[in-house]
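Residue 74 in the working numbering sits at position 74 of the sequence shown; the count goes up by one each step and never skips.
Quick caveat, the hints were computed from the structure, so don't treat them as lab data. Cβ coordinates follow ideal geometry from the N, Cα and C atoms, glycine included. Be aware that a few hints might be false.
Claimed, not checked - Here are the in silico distance ranges between beta carbons for each label pair: (1) S199 / G81: 21 to 27 Å; (2) D200 / N39: 20 to 26 Å; (3) G67 / S242: 28 to 34 Å; (4) G253 / A215: 44 to 50 Å; (5) S56 / P254: 16 to 22 Å.
What the hints assert, rightly or not - Below, a list of computed lysine-lysine pairs in the DSS-like style, where the Cα atoms sit at most 25 Å apart: (6) K255 / K157; (7) K157 / K132; (8) K62 / K22; (9) K255 / K22.
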Amino acid sequence: MGFEWETTTDRSARMNRRRQRKQPLVRTLFETCTEVFANGGTGFIPPPADVQRLCSILDSMKAADVGLSPEMPYFRATKTGQAPVITYLHLYECEQFSMGIFCLPPSGVLPLHNHPGMTVFSKILFGTMHIKSYDWANDITCSSPTDAAVPGLARLKVNAVFAAPCGTSVLYPTAGGNMHCFTAVTSCAVLDVLGPPYSDRHGRHCTYYLERPLASFSVDGLSVAADEKEGFAWLQERDKPSDLFVVGAPYRGPKIID
Numbered sequence: 001m002g003f004e005w006e007t008t009t010d011r012s013a014r015m016n017r018r019r020q021r022k023q024p025l026v027r028t029l030f031e032t033c034t035e036v037f038a039n040g041g042t043g044f045i046p047p048p049a050d051v052q053r054l055c056s057i058l059d060s061m062k063a064a065d066v067g068l069s070p071e072m073p074y075f076r077a078t079k080t081g082q083a084p085v086i087t088y089l090h091l092y093e094c095e096q097f098s099m100g101i102f103c104l105p106p107s108g109v110l111p112l113h114n115h116p117g118m119t120v121f122s123k124i125l126f127g128t129m130h131i132k133s134y135d136w137a138n139d140i141t142c143s144s145p146t147d148a149a150v151p152g153l154a155r156l157k158v159n160a161v162f163a164a165p166c167g168t169s170v171l172y173p174t175a176g177g178n179m180h181c182f183t184a185v186t187s188c189a190v191l192d193v194l195g196p197p198y199s200d201r202h203g204r205h206c207t208y209y210l211e212r213p214l215a216s217f218s219v220d221g222l223s224v225a226a227d228e229k230e231g232f233a234w235l236q237e238r239d240k241p242s243d244l245f246v247v248g249a250p251y252r253g254p255k256i257i258d
């Protein structure tokens, strides 16, 4: 009868799996982010295996894992004529990454905005949401529009409704829908992991955009087939919308750091 000796690495992996099963999922998410983004910075893209690790954890997370339920005040419908107020729960932030939850009441909107030099994981914890996203169409050559306020041509990446439970969406610095807009069809909660986070000091500013139809501006050298024109738009920088109200609230879910 033979014997199989357990190596130190095997033992460590087994103990780590056991520990992760016992601890809150949000703590496991935090620890994995700490590893994945350890050497991150502007433009950093985690290796595919690490992207899958994070997605696997996020895909399994539910509202209860972060102490949320649809009955909480954050998700109540707004009175007619009032702009919906979005609540942001700050979980954690460091130089390499941040974790937070957007709580949207019905009809709440996070307007079209960008994530410069960032890789972003978004998980709908509950509810139904419309997501529209764009990437810059840098592969299409054309001169600048006659209106210099328009920064460039963008290609539509996503324009669909998603309902929990659904997979985690991932956007990258130049792909995957780096500029997106969230519109709550029902009350919903979205857990975001940003690597690295926004930072004015490092030039990672949040910029908002207006969508302009392709035909709105005349340019030279633009070649887009007629049946593809609906998949493009001009995106014009704008100030932060005056009807966007985001308020902070304390996170009361399971502890992330002891």
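- prompt: Is the hinted pair K255 and K22 satisfied, with a Cα-Cα distance of at most 25 Å?
  reply: holds (13 Å)
query: CB of G253 to CB of A215, is that within 44 to 50 Å?
result: holds (47 Å)
D200 versus N39 beta-carbon gap, inside 20 to 26 Å or not: holds (22 Å)
- request: For G67 and S242, compare the CB-CB distance with the range 28 to 34 Å and indicate the outcome.
  value: holds (32 Å)
query: Given the hint that K255 pairs with K157, does the C-alpha gap stay at or below 25 Å?
result: The given pair, whose Cα atoms are some 36 Å apart, is violated under the 25 Å limit.
- prompt: Regarding the pair K62 and K22, is the alpha-carbon distance no greater than 25 Å?
  reply: holds (16 Å)
- prompt: Are K157 and K132 close enough, with their CA atoms no more than 25 Å apart?
  reply: Roughly 7 Å separates the two Cα atoms, so the pair holds.
- prompt: So does S199 sit 21 to 27 Å from G81, Cβ to Cβ?
  reply: violated (37 Å)
message: Against the range 16 to 22 Å, how does the distance between the Cβ atoms of S56 and P254 compare: consistent or not?
response: holds (19 Å)
Hint compliance for this structure: hints 1 and 6 are not met, and every other hint is.
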